[in-house]
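There are 4 protein chains.
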Amino acid sequence: MKTTIGFIGLGNMGTPIAKNLLASGYHLQVYNRTLSKIDELGSEGVTKCQSPAEAAASVQFVISMLSDDEVLRESTTGDGGILKTLQPNAVHISMSTISPDTAEELAKLHQQAGSSYLAAPVFGRPEAAAARKLWICISGDEKTKTNARPILDCLGQAVIDFGDKTGGANVVKIAGNFMIMASMEMMAEAYTLAEKNGLDRVQVSEFFGSTLFAAPIFQNYGKLIANKQYQPVGFKSKLGYKDARLAFKLSQTSEMPMPTVNTVHNRLLTAVAKGWGETDWVEGVSRGVSDDAGL
Amino acid sequence: MKTTIGFIGLGNMGTPIAKNLLASGYHLQVYNRTLSKIDELGSEGVTKCQSPAEAAASVQFVISMLSDDEVLRESTTGDGGILKTLQPNAVHISMSTISPDTAEELAKLHQQAGSSYLAAPVFGRPEAAAARKLWICISGDEKTKTNARPILDCLGQAVIDFGDKTGGANVVKIAGNFMIMASMEMMAEAYTLAEKNGLDRVQVSEFFGSTLFAAPIFQNYGKLIANKQYQPVGFKSKLGYKDARLAFKLSQTSEMPMPTVNTVHNRLLTAVAKGWGETDWVEGVSRGVSDDAGL
Amino acid sequence: MKTTIGFIGLGNMGTPIAKNLLASGYHLQVYNRTLSKIDELGSEGVTKCQSPAEAAASVQFVISMLSDDEVLRESTTGDGGILKTLQPNAVHISMSTISPDTAEELAKLHQQAGSSYLAAPVFGRPEAAAARKLWICISGDEKTKTNARPILDCLGQAVIDFGDKTGGANVVKIAGNFMIMASMEMMAEAYTLAEKNGLDRVQVSEFFGSTLFAAPIFQNYGKLIANKQYQPVGFKSKLGYKDARLAFKLSQTSEMPMPTVNTVHNRLLTAVAKGWGETDWVEGVSRGVSDDAGL
Amino acid sequence: MKTTIGFIGLGNMGTPIAKNLLASGYHLQVYNRTLSKIDELGSEGVTKCQSPAEAAASVQFVISMLSDDEVLRESTTGDGGILKTLQPNAVHISMSTISPDTAEELAKLHQQAGSSYLAAPVFGRPEAAAARKLWICISGDEKTKTNARPILDCLGQAVIDFGDKTGGANVVKIAGNFMIMASMEMMAEAYTLAEKNGLDRVQVSEFFGSTLFAAPIFQNYGKLIANKQYQPVGFKSKLGYKDARLAFKLSQTSEMPMPTVNTVHNRLLTAVAKGWGETDWVEGVSRGVSDDAGL
Numbered sequence: 000m001k002t003t004i005g006f007i008g009l010g011n012m013g014t015p016i017a018k019n020l021l022a023s024g025y026h027l028q029v030y031n032r033t034l035s036k037i038d039e040l041g042s043e044g045v046t047k048c049q050s051p052a053e054a055a056a057s058v059q060f061v062i063s064m065l066s067d068d069e070v071l072r073e074s075t076t077g078d079g080g081i082l083k084t085l086q087p088n089a090v091h092i093s094m095s096t097i098s099p100d101t102a103e104e105l106a107k108l109h110q111q112a113g114s115s116y117l118a119a120p121v122f123g124r125p126e127a128a129a130a131r132k133l134w135i136c137i138s139g140d141e142k143t144k145t146n147a148r149p150i151l152d153c154l155g156q157a158v159i160d161f162g163d164k165t166g167g168a169n170v171v172k173i174a175g176n177f178m179i180m181a182s183m184e185m186m187a188e189a190y191t192l193a194e195k196n197g198l199d200r201v202q203v204s205e206f207f208g209s210t211l212f213a214a215p216i217f218q219n220y221g222k223l224i225a226n227k228q229y230q231p232v233g234f235k236s237k238l239g240y241k242d243a244r245l246a247f248k249l250s251q252t253s254e255m256p257m258p259t260v261n262t263v264h265n266r267l268l269t270a271v272a273k274g275w276g277e278t279d280w281v282e283g284v285s286r287g288v289s290d291d292a293g294l
Numbered sequence: 000m001k002t003t004i005g006f007i008g009l010g011n012m013g014t015p016i017a018k019n020l021l022a023s024g025y026h027l028q029v030y031n032r033t034l035s036k037i038d039e040l041g042s043e044g045v046t047k048c049q050s051p052a053e054a055a056a057s058v059q060f061v062i063s064m065l066s067d068d069e070v071l072r073e074s075t076t077g078d079g080g081i082l083k084t085l086q087p088n089a090v091h092i093s094m095s096t097i098s099p100d101t102a103e104e105l106a107k108l109h110q111q112a113g114s115s116y117l118a119a120p121v122f123g124r125p126e127a128a129a130a131r132k133l134w135i136c137i138s139g140d141e142k143t144k145t146n147a148r149p150i151l152d153c154l155g156q157a158v159i160d161f162g163d164k165t166g167g168a169n170v171v172k173i174a175g176n177f178m179i180m181a182s183m184e185m186m187a188e189a190y191t192l193a194e195k196n197g198l199d200r201v202q203v204s205e206f207f208g209s210t211l212f213a214a215p216i217f218q219n220y221g222k223l224i225a226n227k228q229y230q231p232v233g234f235k236s237k238l239g240y241k242d243a244r245l246a247f248k249l250s251q252t253s254e255m256p257m258p259t260v261n262t263v264h265n266r267l268l269t270a271v272a273k274g275w276g277e278t279d280w281v282e283g284v285s286r287g288v289s290d291d292a293g294l
Numbered sequence: 000m001k002t003t004i005g006f007i008g009l010g011n012m013g014t015p016i017a018k019n020l021l022a023s024g025y026h027l028q029v030y031n032r033t034l035s036k037i038d039e040l041g042s043e044g045v046t047k048c049q050s051p052a053e054a055a056a057s058v059q060f061v062i063s064m065l066s067d068d069e070v071l072r073e074s075t076t077g078d079g080g081i082l083k084t085l086q087p088n089a090v091h092i093s094m095s096t097i098s099p100d101t102a103e104e105l106a107k108l109h110q111q112a113g114s115s116y117l118a119a120p121v122f123g124r125p126e127a128a129a130a131r132k133l134w135i136c137i138s139g140d141e142k143t144k145t146n147a148r149p150i151l152d153c154l155g156q157a158v159i160d161f162g163d164k165t166g167g168a169n170v171v172k173i174a175g176n177f178m179i180m181a182s183m184e185m186m187a188e189a190y191t192l193a194e195k196n197g198l199d200r201v202q203v204s205e206f207f208g209s210t211l212f213a214a215p216i217f218q219n220y221g222k223l224i225a226n227k228q229y230q231p232v233g234f235k236s237k238l239g240y241k242d243a244r245l246a247f248k249l250s251q252t253s254e255m256p257m258p259t260v261n262t263v264h265n266r267l268l269t270a271v272a273k274g275w276g277e278t279d280w281v282e283g284v285s286r287g288v289s290d291d292a293g294l
Numbered sequence: 000m001k002t003t004i005g006f007i008g009l010g011n012m013g014t015p016i017a018k019n020l021l022a023s024g025y026h027l028q029v030y031n032r033t034l035s036k037i038d039e040l041g042s043e044g045v046t047k048c049q050s051p052a053e054a055a056a057s058v059q060f061v062i063s064m065l066s067d068d069e070v071l072r073e074s075t076t077g078d079g080g081i082l083k084t085l086q087p088n089a090v091h092i093s094m095s096t097i098s099p100d101t102a103e104e105l106a107k108l109h110q111q112a113g114s115s116y117l118a119a120p121v122f123g124r125p126e127a128a129a130a131r132k133l134w135i136c137i138s139g140d141e142k143t144k145t146n147a148r149p150i151l152d153c154l155g156q157a158v159i160d161f162g163d164k165t166g167g168a169n170v171v172k173i174a175g176n177f178m179i180m181a182s183m184e185m186m187a188e189a190y191t192l193a194e195k196n197g198l199d200r201v202q203v204s205e206f207f208g209s210t211l212f213a214a215p216i217f218q219n220y221g222k223l224i225a226n227k228q229y230q231p232v233g234f235k236s237k238l239g240y241k242d243a244r245l246a247f248k249l250s251q252t253s254e255m256p257m258p259t260v261n262t263v264h265n266r267l268l269t270a271v272a273k274g275w276g277e278t279d280w281v282e283g284v285s286r287g288v289s290d291d292a293g294l
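Residue numbers (numbering that gives the first Met the number 0), protein chains in the order written: chain V, 0 to 294; chain P, 0 to 294; chain C, 0 to 294; chain Z, 0 to 294.
Derived from the structure by calculation, the hints contain no laboratory data.
Among the hints, erroneous ones may be present.
As the list claims (entries may be wrong) - Calculated pairs, SDA-like style, for lysine to any residue (alpha carbon to alpha carbon, straight line, at most 20 angstroms):
| hint | chain 1 | residue 1 | chain 2 | residue 2 |
| --- | --- | --- | --- | --- |
| 1 | V | K235 | C | E254 |
| 2 | Z | K1 | Z | G80 |
| 3 | V | K36 | V | T14 |
| 4 | C | K273 | P | E194 |
| 5 | V | K47 | V | T33 |
| 6 | Z | K237 | P | T252 |
| 7 | P | K273 | Z | E254 |
| 8 | P | K36 | P | Y25 |
| 9 | V | K222 | V | P125 |
| 10 | Z | K241 | P | D100 |
| 11 | C | K248 | V | Q251 |
| 12 | C | K241 | V | E39 |
| 13 | C | K235 | C | D68 |
| 14 | Z | K164 | C | E194 |
| 15 | V | K18 | V | E39 |
Construct all of the structure, not just a fragment, from the sequences and the given hints.
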């Protein structure tokens, strides 16, 4: 008989992850703010819950994939939160993109309750989640990492261990998202420079994406930026801005100036200020660069 | 019998290029400011010249690979310059990293003299030049490009045609160098953030370099930055600063603000101001980030 | 018989303000974290209290002048906080430099308790406070402002009313501190530019301070910056950084990019990162500019 | 009998200066690119010239007030330029806002010709020029400064001597214009922050302009910025951008990063890119800040 897992958060990322768990034979106790979304998972192996606490009851593992620090904190420590029911020795696998400070704070609360918290943020778009191709970054104590490993292995193409400090994996996630945003900004500046000088943005993008910058980020985002292809909306500018804020905040708590973080933070803040918060973040960045260039 | 080519400039890049031409059977009329460097090419097929004009006399092609706009302009239009002797219908293949404005200006002078100017800047380090692995970006009129093609084909792994506007390839070269600098800055910020949070810079660099950022720039420079390995000096900070100035200048003439250009320009200007001009540009960028972070 | 006022916070600013109130005949119930500091006020008219709650008991007015949002929040809402004892209809005059969000939040709590909160941050250094030369910015409801007016009038040279939105005066205070920091940065850049070009920093500073920029900020800070006179420490770099963070945070919640805020924020963050947090903020800014210039 | 002075350049600043010289009894040999503008000076004491050379012939002093380095260089060294006719021992009083490098270069050419070059850039708007209220910054050799003094004294309220290095006064002029632009940017950010938080921009501006920032720059520009009063066009954004470029260039040749110069440079470059080059620079800056804020 397969394990039952608590699962909280059926957003763009949570849904394909939950489906993969079901396909692998796990049973899920699922909570989502909009309860009707749970129906998308089908009824096979799914128990619908009315709160995070209900989803976390009587299981060895609960997975959360939520939008930000506040929602995660509320879902964990609030009235109907995970910690209300989580058994001693159970593990909370926390996959959301949050600050390391929140991770450390929650880890401490779990420890006090006798349970464990595992930071496990991921890289990859929803398609990658569906294809079990996520890169899963983890950090925390050895025993917790070992226990959670079989579950993580069935969700991604690699699980990378960033040590025993709880928030370590969160730092890596924030650093990576920063690098993605900085790459978008860099490409938008370079390709708009090319455009302003009479060159073909697409040709320039293809050249770099197939030579010095032959990496997924530069190929996939590069194509969208070069073509100014801003539909469909995959990841919203306002969520990108949230991540830029996490990076900025981390530069403050880490006591180090990060001028490139400033640039992407301001780019996305401007997008939000101009009312482009609901656009794809590729548009938020690329249109901002074009706009300032008078295009 | 093989063609004789004029060749001007035996720096880190010019020397391996000249050697490859000799190996391919071309004869070279060579000029270099420090004449003794010409001896490194051996005597087989080499004619030592006292001026660019002498090197450009009686040939169909002259190649120049020089340090900056000023040196190229002087070597072309000065008293002993290429234009003093270049035959009508001959082609000047200009491989230096210079501004598109200088390229346009020189192209006009060649045209007036009945000869042709071909912008042909390259991407690749000296090792790539030696291995005939350069990416050669060209722009200019069709006939000139066709004529020069056989020579270029024996120097690089690809020749990419960026259209008929003379300075087009120079814009691509400047944009590319900007993207390299911006990538270095981005990595230095991200890996120092990781370090400040107790993570292993090298592990973080290897993770990104093998996943989302699996491209040569992020692998090669990433390794140097993560390890703070600043020796040997490949490309000097002061030359990197020269390239940052070219990018900044181009953002001005193109009338577009480029905040990321500002960041890398200031980073390298700071390096020069602090007396680090002779260090490798990896050090100029990475040490600057560490320094500001109090490390 | 004169009114008794609760008074909380005997820092650089609070102490001269408290002394002026005593000199004007008010009785004070005083609390300070380091209790011994209360002795500096003398015993005449002073009641020493063990908590903010004790200081706020049985009075019509309580004044707080504290270091930051967190300390004010704790002193107001904590176990021994002001709200534990503050009478209905009494007024809390809050002079600290804090975010408008905290002001709004505290105002609501006072309202719920039947008392009033008045935002009353001030401009002026400790000497100005001692000389009753402060500029006091206020915002809040009319009745509260009218009630507090006699007390405020005896502390400053002007009381400026910025309307009825609680946090309004806090926005003005943050904007003003930002303008001071930006002026310091601007002067440090300009005078260092002069120095690097062989001019006399002091002469240049005196010229601008007596002509186009003939205002206190440019004269007083200008003299310190031009002379690189960093002693004695008046206002610490780490406190300046706190204010820069308030400005940055406000640019976020106001949804507007403020590039000059970025500059001063990074300047002071760098000072803190380099271990200069305890220096005067003039040093934090000016030495940072010199340092980057290789001086 | 009064001296005859050569005068070149009847722009917004040159015209009132020329009128004052005439009113003081000097005779003028005047050249202006648009010759018809010379008629505005009346015929009394005015000789109309066809070239700078003609204006500079047979006089002890020639004054130039031109738009930029290129125009001054052409007017001085070109075919019909000043140096073609300027007598040995005569003095060229150069009042334009130009780079110190151009000043040094021209000073050398004058010296070779036996004449002298005096850097004498000014602070003040056209109204100040008309009222003889300019601040005139000078630098150069003692004898030249002494000789020119009587003329300068009748044009401004003060002549400030910045030493014997030719370009010194030009550095001060560029530093001052930078400080003006930075002040405009700072005010636009602060007052827009106030606006976004429901405050009255004008009240906030008046408060700062009458207290901490009670200086002409903050009062005059502050009023325009607070009221978003962008008409009439006094000084064009594209000319402001030219000055920002001078400041940026000087930061490069001085080898020092100046982040605030970056900010104002980008602000005005954006204005030019967006097609606002002909607007007043108050609009170029202030509208840019509002625009990014989504207002």
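Restraint status (C-alpha distance of K237/Z to T252/P at most 20 angstroms): Distance ~13 angstroms between K237/Z and T252/P Cα, so the pair holds.
task: Starting from K47/V, check that the Cα of T33/V is at most 20 angstroms away, please.
output: Roughly 11 angstroms between the alpha carbons, so the hint for K47/V and T33/V holds.
Straight-line alpha-carbon gap K235/C to D68/C, limit 20 angstroms: holds (17 angstroms)
query: Holds or violated: K164/Z with E194/C, Cα cutoff 20 angstroms?
result: Distance ~13 angstroms between K164/Z and E194/C Cα, so the pair holds.
Pairwise hint evaluation, E254/Z against K273/P, where the allowed Cα distance is 20 angstroms at most: With Cα atoms ~9 angstroms apart, K273/P and E254/Z stay inside 20 angstroms; holds.
message: Check the hint pairing K235/V with E254/C against an upper bound of 20 angstroms on the C-alpha distance.
response: holds (16 angstroms)
- prompt: Do the alpha carbons of K36/V and T14/V lie within 20 angstroms of each other, as the hint requires?
  reply: holds (9 angstroms)
- request: Verify the proposed pairing of K18/V with E39/V, using a straight-line Cα cut of 20 angstroms.
  value: holds (9 angstroms)
message: Hinted pair, alpha-carbon criterion (20 angstroms max): K273/C, E194/P. Please report holds or violated.
response: holds (16 angstroms)
- prompt: Is K36/P within 20 angstroms of Y25/P, Cα to Cα?
  reply: holds (19 angstroms)
query: Is K222/V within 20 angstroms of P125/V, Cα to Cα?
result: With Cα atoms ~19 angstroms apart, K222/V and P125/V stay inside 20 angstroms; holds.
message: Run the distance test for K248/C versus Q251/V: straight-line Cα separation, threshold 20 angstroms.
response: The given pair, whose Cα atoms are some 12 angstroms apart, holds under the 20 angstroms limit.
Of the hints listed earlier, those the structure fails to meet are numbers 2 and 12, in rising order.
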